[in-house]
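2 protein chains.
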Amino acid sequence: MQLATLRPNGSPANRTVVFRGFLDTADDLTFVTDRRSNKISEIAFNPLCEVCWYFPESREQYRFSGKMTVVGEAHPSPELASARQRAWAKMSDAGRAQFTWPHPGQPRTDLDTPLSTTTPLAGEPAVEDFCLVVINVTEVDILQLGKNRRSEFVREEGADGSVLWKETEVNP
Amino acid sequence: MQLATLRPNGSPANRTVVFRGFLDTADDLTFVTDRRSNKISEIAFNPLCEVCWYFPESREQYRFSGKMTVVGEAHPSPELASARQRAWAKMSDAGRAQFTWPHPGQPRTDLDTPLSTTTPLAGEPAVEDFCLVVINVTEVDILQLGKNRRSEFVREEGADGSVLWKETEVNP
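Chains as they are written, first to last, in the numbering used here: chain A, 1 to 172; chain B, 1001 to 1172.
All the pointers check out, no bait thrown in.
As a list, the in silico DSS-like pairs of lysine-lysine whose alpha-carbon atoms are at most 30 angstroms apart:
| # | chain 1 | residue 1 | chain 2 | residue 2 |
| --- | --- | --- | --- | --- |
| 1 | B | 1166 | B | 1067 |
| 2 | A | 166 | A | 67 |
| 3 | A | 67 | B | 1067 |
| 4 | B | 1067 | B | 1090 |
| 5 | B | 1090 | A | 147 |
| 6 | A | 166 | A | 147 |
| 7 | A | 90 | B | 1147 |
| 8 | A | 67 | A | 90 |
These are computed hints drawn from the structure, not numbers from a lab.
Modelling step: build the complete structure from the supplied sequences, incorporating the hints.
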């Protein structure tokens, strides 16, 4: 899925991230990233984002807008720290090894040096640079190109903490 | 491809658009949109964007960042007005008919009323709401997941108006 954020210089940024499931049983989307990546400084500057996820076979587009929380090594919430460790354990060997690569986005001078020489194990604590990012979604826009239907959903929280999604059918 | 822009309220927006080719022989990307869509007010507020285009088969991601120009019915440049009319003529019947649909994003009260009753012809002048958007790309970030290679390209214009793309290989 594609994640749009805001750069500290005010310009939009956009890149592909891999959906890593919902947070527990909630509606929050998750993905993982490297603490050294630009995403992390962008989120610190402005936590708002919009995810665009297009499914070519069903010709459906989901737009999720919300606010991101970065869960790094020192996150104070035990629940989120545990979710981060579970996300780490679910990564493939190749996925975990990426977090030992040299600083992403920095100039690469030597193409002959391997990017990593070690693969941290799934059963070990997540490495320092491994971050889980949680998107608390507040609005969803679903477009179904095959049916020419489009709906907007806005999250509303009741006084008892329950979540309702208010739907409005709109012109495609 | 996915287009990230900035909403007037400062939050990022992200949606799928269809690439409509390069502008003439230049490096500028084009897409089309409806003058009534939110994109148009976002571009008027801030013309910066970043396009993310991921190719699942080759596992390559292209990120294009640049500045957008909207070419509507009254655009003063004869070259751009002509490019807009050519883009209109290349659209499918279904694509042209969309520009006669009711206001995109407004509440839809009646699902039984057809979205359009007319299909404007390719040979006729483009309808008023048809806009060509030109992205003048200034930076490109290419990530090749299969090869674990990543390069950044920055556009530089020589004194004679010639364009050079300065490449830097970076860590993926």
